[in-house]
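K.L.:
Protein chains in written order, with our numbering: chain E, 1 to 244; chain V, 1 to 244; chain L, 1 to 244; chain A, 1 to 244; chain D, 1 to 244; chain W, 1 to 244; chain B, 1 to 244; chain H, 1 to 244.
In case anyone wonders, no lab produced these hints; they're calculated from the structure.
Since the structure is predicted, the reported quantities are computational estimates derived from the model, not experimental observations.
Ideal placement from N, C-alpha and C gives every residue a C-beta, glycine not left out.
Among these hints, one or two may not hold up.
[As the list claims (entries may be wrong)] A few chain W residues facing chain A, derived, Cβ under 8 Å:
id: 1; residue: Leu123
id: 2; residue: Gly150
id: 3; residue: Asp186
id: 4; residue: Val196
id: 5; residue: Tyr198
Protein chains: 8
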Amino acid sequence: MPRSRSKSASSCGHDPSRADEVENLGFARVDLSRKRRQGVPEVVYGAGKTAEQISGILDSLRRHGQLPAIVTRVDAGKAAAVSGTLGPEFVYFPEARFGRLGAAKAPNGHGCVVVAAAGTSDLPVAEEAALTAETLGNEVVRLYDVGVAGLHRLLACKGDLERASVVVAVAGMEGALASVVGGLVDCPVVAVPTSVGYGASFGGLSALLSMLNSCAAGVSVVNIDNGFGAGFLAHRINHMGLRK
Amino acid sequence: MPRSRSKSASSCGHDPSRADEVENLGFARVDLSRKRRQGVPEVVYGAGKTAEQISGILDSLRRHGQLPAIVTRVDAGKAAAVSGTLGPEFVYFPEARFGRLGAAKAPNGHGCVVVAAAGTSDLPVAEEAALTAETLGNEVVRLYDVGVAGLHRLLACKGDLERASVVVAVAGMEGALASVVGGLVDCPVVAVPTSVGYGASFGGLSALLSMLNSCAAGVSVVNIDNGFGAGFLAHRINHMGLRK
Amino acid sequence: MPRSRSKSASSCGHDPSRADEVENLGFARVDLSRKRRQGVPEVVYGAGKTAEQISGILDSLRRHGQLPAIVTRVDAGKAAAVSGTLGPEFVYFPEARFGRLGAAKAPNGHGCVVVAAAGTSDLPVAEEAALTAETLGNEVVRLYDVGVAGLHRLLACKGDLERASVVVAVAGMEGALASVVGGLVDCPVVAVPTSVGYGASFGGLSALLSMLNSCAAGVSVVNIDNGFGAGFLAHRINHMGLRK
Amino acid sequence: MPRSRSKSASSCGHDPSRADEVENLGFARVDLSRKRRQGVPEVVYGAGKTAEQISGILDSLRRHGQLPAIVTRVDAGKAAAVSGTLGPEFVYFPEARFGRLGAAKAPNGHGCVVVAAAGTSDLPVAEEAALTAETLGNEVVRLYDVGVAGLHRLLACKGDLERASVVVAVAGMEGALASVVGGLVDCPVVAVPTSVGYGASFGGLSALLSMLNSCAAGVSVVNIDNGFGAGFLAHRINHMGLRK
Amino acid sequence: MPRSRSKSASSCGHDPSRADEVENLGFARVDLSRKRRQGVPEVVYGAGKTAEQISGILDSLRRHGQLPAIVTRVDAGKAAAVSGTLGPEFVYFPEARFGRLGAAKAPNGHGCVVVAAAGTSDLPVAEEAALTAETLGNEVVRLYDVGVAGLHRLLACKGDLERASVVVAVAGMEGALASVVGGLVDCPVVAVPTSVGYGASFGGLSALLSMLNSCAAGVSVVNIDNGFGAGFLAHRINHMGLRK
Amino acid sequence: MPRSRSKSASSCGHDPSRADEVENLGFARVDLSRKRRQGVPEVVYGAGKTAEQISGILDSLRRHGQLPAIVTRVDAGKAAAVSGTLGPEFVYFPEARFGRLGAAKAPNGHGCVVVAAAGTSDLPVAEEAALTAETLGNEVVRLYDVGVAGLHRLLACKGDLERASVVVAVAGMEGALASVVGGLVDCPVVAVPTSVGYGASFGGLSALLSMLNSCAAGVSVVNIDNGFGAGFLAHRINHMGLRK
Amino acid sequence: MPRSRSKSASSCGHDPSRADEVENLGFARVDLSRKRRQGVPEVVYGAGKTAEQISGILDSLRRHGQLPAIVTRVDAGKAAAVSGTLGPEFVYFPEARFGRLGAAKAPNGHGCVVVAAAGTSDLPVAEEAALTAETLGNEVVRLYDVGVAGLHRLLACKGDLERASVVVAVAGMEGALASVVGGLVDCPVVAVPTSVGYGASFGGLSALLSMLNSCAAGVSVVNIDNGFGAGFLAHRINHMGLRK
Amino acid sequence: MPRSRSKSASSCGHDPSRADEVENLGFARVDLSRKRRQGVPEVVYGAGKTAEQISGILDSLRRHGQLPAIVTRVDAGKAAAVSGTLGPEFVYFPEARFGRLGAAKAPNGHGCVVVAAAGTSDLPVAEEAALTAETLGNEVVRLYDVGVAGLHRLLACKGDLERASVVVAVAGMEGALASVVGGLVDCPVVAVPTSVGYGASFGGLSALLSMLNSCAAGVSVVNIDNGFGAGFLAHRINHMGLRK
């Protein structure tokens with residue numbers, strides 16, 4: 001059977017003064033000014049990309065000094081292929097489906113980022129948040145399995161919560177953890193609804209709506225299962241006024 | 001303009017042995033065996049009924065010894081008209097939009113019914129639950145404005161919660177109260193989502209989903225704003241094994 | 001490929017006087033005071049946990065005298081592995097995907113728990129409810145395939161329904177069983193919508209909404225397919241005033 | 001302020017052989033062949049039309065011998081104006097917000113159309129169905145307030161149900177009436193969900209989904225509150241094989 | 001690993017005078033009076049049942065003279081097993097996933113049932129409707145691939161449509177076929193939305209809503225993909241006044 | 001009571017070379033380069049703006065030669081006030097709630113824009129589309145009340161449809177008009193769902209989904225009730241290759 | 001007509017050592033330790049509260065030194081009544097429906113809070129955010145009417161955006177402002193969807209989903225129209241590491 | 001096991017003068033007048049069709065001179081089988097799951113069609129649009145990975161955008177690309193939401209709603225992932241006034 005591939009994306013006539021800011025790989029335009037513009041290199045969303053595409057983008061970032069680089073939502077099979085291409089500088093965390101190229105930065109924020117997760121099933125998302133924050137230079141304290149149905153487990157950790165600069169609250173099902181934590185602390189709370197649950201959790205919708213309707217002030221919400229987004233934002237908040 | 005009314009509902013040829021169990025008022029078939037069959041007379045849902053219809057049904061219940069009778073979701077205007085027709089035996093509670101014909105029964109359940117409400121705006125629903133339970137013969141303890149964003153307010157009431165036979169947990173917005181209460185008590189919790197909130201509360205959907213997904217065992221849920229249903233069920237549970 | 005695991009959850013500095021109430025397994029904080037606080041040990045939600053995690057938690061409960069212990073939503077493969085680890089004290093019920101460690105308690109409630117299911121496809125959920133209630137010390141009567149499209153099948157069981165202390169009504173599709181049963185009995189009805197159906201059942205949403213809107217008083221609802229929650233609540237109601 | 005109206009709809013160059021089949025009033029093209037093509041004249045949907053528009057269309061139908069003509073969803077104010085214009089041949093039924101121009105046809109179908117309604121609040125929709133069927137030439141039996149929470153009320157009417165050629169089942173809230181009736185009769189059941197209810201009834205969605213998921217065969221569904229559509233369809237079914 | 005099965009459903013103490021009307025197989029109560037009560041034997045919904053359960057129920061129906069019996073939503077593997085058990089009297093139609101035990105009845109209705117389907121992908125649902133109607137004793141005319149985007153294909157079949165006693169209109173995507181057919185015929189139209197489509201068809205929701213909102217009178221709707229329900233209802237309508 | 005207004009929006013330090021392109025009125029930044037950049041001046045969305053704000057923006061556009069200017073969704077009261085301020089150059093079309101400042105441009109497109117509307121209730125939206133296109137320089141042909149339930153009304157207008165450069169298809173309820181028109185013409189069809197309907201039309205959702213799922217190629221969709229957007233896009237398409 | 005009020009909420013037996021932390025007004029338990037615990041006094045949600053209740057709570061806060069106190073979602077009528085009770089220390093901002101008791105704190109954060117709003121109709125929500133942040137001690141820069149359809153208006157404000165410590169991005173309709181801003185800045189972005197729009201904006205759902213799905217890192221979301229929540233969170237972030 | 005196939009669709013008695021316009025293959029009625037009526041042959045929707053059905057339809061089109069013919073949503077396996085049947089004239093593009101029988105037409109439109117895609121994961125949909133437009137005779141410029149989070153990548157392509165006759169904007173997640181592009185160009189924009197994303201993208205719903213609510217004029221929307229529809233419409237627009 002004859003097969004022909006579609007033409008690759010044409011290069012558009014962009015401003016030459018910006019030519020060094022983007023590397024056009026055909027399937028992706030790698031943003032090489034992200035670290036300068038926003039303090040953190042472009043992050044690779046691994047879902048829907050091949051191992052070759054992931055390796056290509058990470059390699060481009062490494063060649064242009066944009067490390068440490070992060071890839072999220074990459075399964076173990078692709079990670080092995082990426083690791084084979086990029087060598088030992090690429091480290092993979094299977095539970096969080098998270099890969100890192102280059103060493104994590106040393107913690108240099110205001111204080112620690114607490115990642116609190118309601119149940120054991122929420123750990124993959126919680127770990128994605130924790131690893132993201134650690135990679136970008138934050139001390140992370142993990143409080144796992146502290147769901148509100150056994151409130152004493154959470155209250156026993158009050159000391160950790162009070163030392164936090166930011167809390168990332170990760171929960172599925174009814175997502176009540178964000179509101180309860182929000183009432184206990186005086187720092188920003190980044191709520192991450194997860195798709196953990198069944199039936200009327202509707203893939204995380206229940207937890208998402210709960211968190212958006214939190215009666216505790218200081219709580220904001222990211223997308224369902226978006227551990228990366230929460231860890232990234234926690235990093236930004238924890239470095240408020242410290243960036244240069 | 002000529003106006004003609006549609007014919008009233010034809011009477012159907014039902015079993016004469018049951019003739020005394022239903023009074024057919026044309027617009028309603030009053031269920032006169034409900035008290036015998038289910039321990040509690042038929043309750044009148046006032047929304048969408050005229051004052052005349054409400055008075056007619058209540059009067060039918062009174063004539064057949066089905067007191068105390070309850071009417072819910074009746075606004076002040078209709079209540080005044082009903083009161084004019086039925087006399088002082090009809091008592092109206094405006095905050096809960098709740099009317100009662102006949103005296104409340106003396107408390108004779110296992111213990112007390114605790115009605116806990118998250119915020120001031122949830123009071124109308126909470127009062128509907130409390131008045132229903134009181135009317136049917138239950139001691140009611142009210143714990144209002146104990147939302148989880150100020151957890152110490154709820155924890156300060158732990159003694160009341162531990163003495164409860166049943167807890168009715170009333171909350172809008174994120175509805176987290178049901179889960180937190182569910183984790184503190186060892187009795188059934190009837191959760192009532194309310195339509196209090198805005199935006200992504202979607203008319204109570206957020207609280208409803210939260211409560212259905214509660215990770216605390218022993219929690220069940222009634223319809224949004226259904227204070228009556230929760231009070232009625234609390235009554236049933238509180239009289240478990242005591243009915244005759 | 002180099003792989004590294006994320007750090008395990010740090011232990012938080014909790015109150016030493018409560019140290020014996022929680023066993024921190026890293027991936028889970030086993031709640032060892034649940035039986036004392038709430039009358040029933042912590043129940044293990046098997047979905048999203050490995051066989052090792054399940055075995056670990058059950059073993060912790062056994063070592064601390066928290067039997068009989070329940071695990072729900074565990075498939076046959078994991079159950080075999082758990083059984084291999086824990087020995088013959090672990091019993092598995094494949095239709096309900098339900099495991100029990102330790103013997104069921106002898107029935108000691110007010111009366112019997114009736115579990116009524118609309119169709120053959122609802123049996124796995126109904127069995128989860130029935131086994132939960134039996135494990136916790138309740139006589140259970142099963143009425144299966146009594147959907148309302150053949151009403152005489154349900155009416156033929158009226159005697160069983162009238163003897164019930166609590167009815168668990170399990171139905172998918174239009175979920176009408178809960179309302180019809182609710183009108184026939186004078187005890188609490190716990191309604192369990194199931195995801196049985198297709199098209200506009202939307203994964204159980206249709207049955208869920210039906211049950212929440214039941215015009216029969218005394219009906220409350222748990223999450224879609226949550227047989228465990230219904231069985232647990234039925235147990236609580238059936239032991240109202242009998243706990244010590 | 002200068003005001004100018006938009007131009008009226010241009011007439012399009014349609015086939016002259018069909019010119020007599022449509023009267024173009026500018027705001028409406030009155031379908032004058034509907035009675036010939038489909039046995040029943042065009043029906044006027046009154047919502048969103050002015051009294052003048054309604055009168056104009058009805059008058060056009062009268063002038064072309066398309067009586068009896070029906071207008072639905074017309075409030076009392078508009079109806080008075082229409083009546084003033086068209087004279088005593090126009091009859092208005094306020095509860096159903098239904099108007100009729102010309103006398104109802106004599107019943108000439110296979111048998112009777114039973115209109116069963118669950119609650120008092122469902123009467124406006126039920127009456128719209130009943131009046132539609134009566135207007136088009138059907139004997140109608142009304143069974144009102146026969147909701148399933150008091151099943152004996154419905155079972156007492158079993159004789160009427162068994163004599164039906166078609167049953168129109170009208171219910172809001174959980175909409176269980178359609179399934180229960182569907183299991184009792186051997187004729188077609190046209191189910192009409194109503195917007196009666198609150199909270200999780202979501203404006204009739206709950207009843208609609210219930211009816212669509214009915215496990216009783218022979219049930220089909222029309223739009224929420226569409227009493228007209230159900231009455232019209234019941235007419236068609238009741239005249240199956242009798243039209244000429 | 002020790003495995004124990006849950007107890008089978010207890011038999012309930014039903015009225016002996018009805019004992020012959022139900023055969024209790026444990027997992028199912030076969031309704032043996034359905035043919036007498038409703039003219040058609042109980043139909044087996046094959047999804048979620050094992051081949052053994054299906055064979056058991058069909059065999060029970062055969063032993064009690066309830067043929068022809070229908071089983072829907074049965075895949076080819078189960079059908080082969082059922083066929084092995086029940087012998088050549090069981091016939092399977094793979095495209096419609098439809099099985100029949102016993103011969104179809106001879107057509108004896110008012111006229112023919114037209115099954116019109118919008119696209120090739122709608123055929124499995126259309127065939128389920130057609131086979132159901134044929135089995136129950138109806139002449140069926142199939143008009144396939146007559147979607148409204150090529151209106152001349154539908155208009156070319158106007159003769160068939162005008163001869164119909166009932167039309168079953170099967171369509172996914174925008175479901176416009178039901179409205180267009182409804183405007184062309186003067187007989188009842190049973191609309192079947194299908195889950196054919198992608199994106200904003202949301203599993204058939206788009207077609208379902210379209211059909212419910214049809215501005216053509218005489219159209220009613222069954223559940224998404226419910227070819228059986230439509231075929232069954234078409235049969236009832238086509239035999240209006242002819243049953244005995 | 002002391003009242004204080006919040007500070008007005010600060011001016012931001014924008015590039016002086018663009019200073020003449022925006023007039024900052026405090027509550028609005030009037031885009032004065034829109035006509036140059038996009039061929040059509042900024043259009044004022046009247047909902048949620050006061051008469052003063054509307055007049056202010058229109059006046060700014062007039063002062064900068066950006067006529068004819070359009071304001072949509074403006075009720076009659078505000079329109080009168082605007083007219084009082086701006087004088088007779090402002091013309092108001094009440095049915096469409098549409099205002100125009102300055103004369104409509106002479107038609108100069110490829111051909112005519114046909115605006116087809118399914119029912120009388122859809123006219124306000126259809127007129128908004130028609131007036132927008134006329135204002136911007138297009139000949140508009142209006143085909144109203146051509147819904148698909150009376151297909152011959154639409155087919156009678158086939159000549160108009162075939163002469164169209166673009167068709168704007170406006171329909172509520174089931175929205176089938178777009179698909180049927182899409183199958184009849186060989187030009188682009190812009191579909192406008194309207195909120196006309198009740199029950200399961202869910203405020204236009206039904207028509208919206210229908211139109212998005214149209215099986216006719218060449219159909220695209222704008223927001224519910226967005227007559228303006230459709231008229232504007234029709235203008236662009238009708239001037240394809242003619243702009244300068 | 002006899003009217004009786006329901007009993008007020010019983011006081012629960014809370015820990016005397018905490019007695020001074022809550023003032024129980026019957027309808028509300030005023031949290032007097034909020035300022036100490038969380039740095040900001042309890043904020044009054046005015047919707048659903050009477051002017052008397054609002055005045056009572058604010059007065060309680062003033063008596064206990066919990067100023068400046070904020071009340072949100074209070075209409076002009078109630079505000080006038082509150083002002084009459086509390087005197088000139090209460091200031092009302094009608095556009096934002098926002099009241100303040102006591103003077104705003106002097107700005108003492110890291111930098112400025114930029115509040116960017118897409119359109120004129122979004123101003124009430126934007127002002128609620130801006131006033132909240134100003135009250136709590138933040139310099140606020142307002143960038144209004146900078147929606148992405150006229151991108152040059154936003155790009156002209158790049159200087160302001162780059163100086164921000166936090167950006168609050170307020171937008172209805174498609175909510176694209178949050179993503180575009182998120183790509184331009186290197187500080188946290190708090191996105192506020194508004195209910196501005198019509199049709200498929202579904203009361204703000206469209207903007208909410210857009211913002212949750214933002215592909216720009218560093219963006220988190222609060223409830224629809226929750227200007228207060230965004231302003232409060234912006235305050236917390238802007239004071240990161242500065243609180244004592 | 002005996003198997004019997006259902007009867008094939010009966011041929012309906014259509015007008016002989018149209019007999020040559022449709023080839024009835026039993027499973028499909030191939031529309032042979034589509035090219036004459038609408039300028040483009042019927043397009044084959046490959047999902048849900050077998051390779052045999054696809055080959056049959058394509059072959060019918062080839063025999064009747066309806067080339068180039070397009071088949072969409074065909075996986076690689078089916079494509080290989082089709083290729084084996086039809087020979088080298090059939091070309092397959094695996095990324096877009098797109099097949100073409102016959103050579104693409106030479107570009108003959110007003111100008112070029114720009115296909116802009118937000119991210120790498122959107123490429124399959126973008127390619128479907130691009131290949132469709134190329135096949136039908138349009139020059140296509142591809143701008144890929146130009147999502148708004150890195151706005152400079154899009155702005156760098158402004159030259160390409162300004163030369164476009166039509167822009168097809170393809171994006172998942174928040175779908176902001178359509179609005180931003182809509183504000184930059186003065187030609188029609190066809191927006192294609194994609195199902196790329198997770199969590200609250202709800203399978204493309206988020207992008208769909210964003211695009212429908214675009215505040216940029218000139219934007220219309222097709223179904224989620226409907227690259228073909230967008231490419232086809234772009235072709236029509238690009239040939240406005242040029243067809244014969």
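K.L.:
It remains to establish, for every hint, whether it holds in the given structure.
P.N.:
Status of the hints after comparison with the structure:
1. Below 8 Å, beta-carbon pairs count as interface contacts, and W:Leu123 has one with chain A at about 7 Å; its hint therefore holds.
2. Taken as an interface hint, W:Gly150 checks out: its beta carbon lies about 5 Å from the nearest beta carbon of chain A, inside 8 Å.
3. Because the beta carbon of W:Asp186 sits about 18 Å from the nearest beta carbon in chain A, more than 8 Å, this interface hint is broken.
4. Checking W:Val196 against chain A: minimum C-beta separation of about 6 Å stays under 8 Å; hint holds.
5. Interface hint status for W:Tyr198: upheld, as the beta-carbon distance to the closest one in chain A is roughly 6 Å, under 8 Å.
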